[in-house]
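Taken in sequence, the protein lines are chains A and B.
Here the first sequence is numbered in this note's numbering, starting from 3 and rising by one per residue.
Here the second sequence is numbered in this note's numbering, starting from 37 and rising by one per residue.
Keep in mind that the hints were calculated from the coordinates and are not lab data.
Worth double-checking, as some hints may not be accurate.
With the C-beta cut set under 10 Å, the calculated list includes, among others, these residues of chain B facing chain A [stated by the list, open to error]:
#1 GLN88
#2 ASP89
#3 VAL286
Only a predicted model underlies this, so the values are computations on that prediction, with no experimental measurement involved.
Quick reminder that beta carbons are idealized off the backbone N, C-alpha and C, glycines included.
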Amino acid sequence: MEQFEFNYPAKRKVLKKSHVGVVGSGDLEVLLEPGKDAAASVRIRTSAEGFKNSWKAVLDRFFDRYDGAAHIEINDAGATPGVVFLRLQQAVEASER
Amino acid sequence: MRDPILTREYLKRRSFIELSARDRAKCLFDSGTGLELAGPFDRIESPWLAMQDVTPEADDGCIVMRGTIGGQQAVVIAFAGAFQGGAIGEVSGAKLTAALDLARADNEKGIRTNAVLLLETGGVRLQEANLGLAAVAEIISSIIALRRHAPVISLTAGTVGCFGGMSLAAGVASYVVMTPEGRLGLNGPEVIEEESGVEEFDASDRSLIWSVFGGRQRYDQGLADALVDDDADQIAKTVRDLIAQGVPPVHRSEQIDLYRSRITALDNARQWNPEELHFRASQNKEENR
């Protein structure tokens, strides 16, 4: 298992938390909640080791559009980048519903 | 189900199996009453998995929800089959036991509180070995303490099934509900094959597996009380009906002599096939009438 953290600038306050997904093979769970300060932070725990660059690429792309000051925790069981991106979008959708 | 053709009704149904554990639990409650306790943001996760390089889940794969079902208080505990095969660890076991014990405490105060267990689990989580075994013992005691006051309903819809120690928990429940896709058994197919050889049980033979462990066989054997379609509305109605029915006059696990006589009557010197077991079960059912 590998763990890393990423930080991104943010503009908007996050009002509601959301939880999506499951730590099942090829899937992940995302916990999204209001961050402590005016920035976004992401903590990842993943069972697939050696993919830090892929995580950074997916998150860079996600935070190109998303500007919520969220603290995001990801527990991953080997999801592909596409699944990670969809789960992140789903978490945002659930928190803004 | 009896006729799984793509009829309009079949297409219109809402699959229960396709729902996540959380949504499965939620859909059993009276609309909007299901409230999750000790949820993912409480982060009560397994302390043992990360030490063994396994990614933990924030709710440890166990969802506890409280609300009303058919107007009565109820707690639903659902296991996420997708996380570690729904296996029981220290934390998920403690969540289940605590929920059952709180329900019992409410019953003792005169507030009738029913319990529904959604068991999609391979049994004890191997990474937590003895703690998982201890959890199973606690769960069984808690079910037996609660079932005097209010029904404890075990539901195994599939497709993980309910195996190992948790099949014992299902065995002491007041009612067992299954779908044809659900499976229930002590030793799972692969365990039997590994222990006794492929001649004894071929774990790659899906039709053999379902004809031995599947919901239809279990229902016909009298080891399940209700066989329902994979239909969320039908399953929710079955749970409501069983709660309305209340505590059964005799629990299955109290009928020791009946089940012991069935085992004694079975000649284990030869291999039985599922059809024979099925025929025998239907005869037993006739005798019980």
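Here's how the hints hold up against the structure:
no. : hint   : result
1   : GLN88  : holds (9 Å)
2   : ASP89  : holds (5 Å)
3   : VAL286 : violated (38 Å)
Checked against the numbered hints given earlier, the structure breaks only hint 3 and satisfies all the rest.
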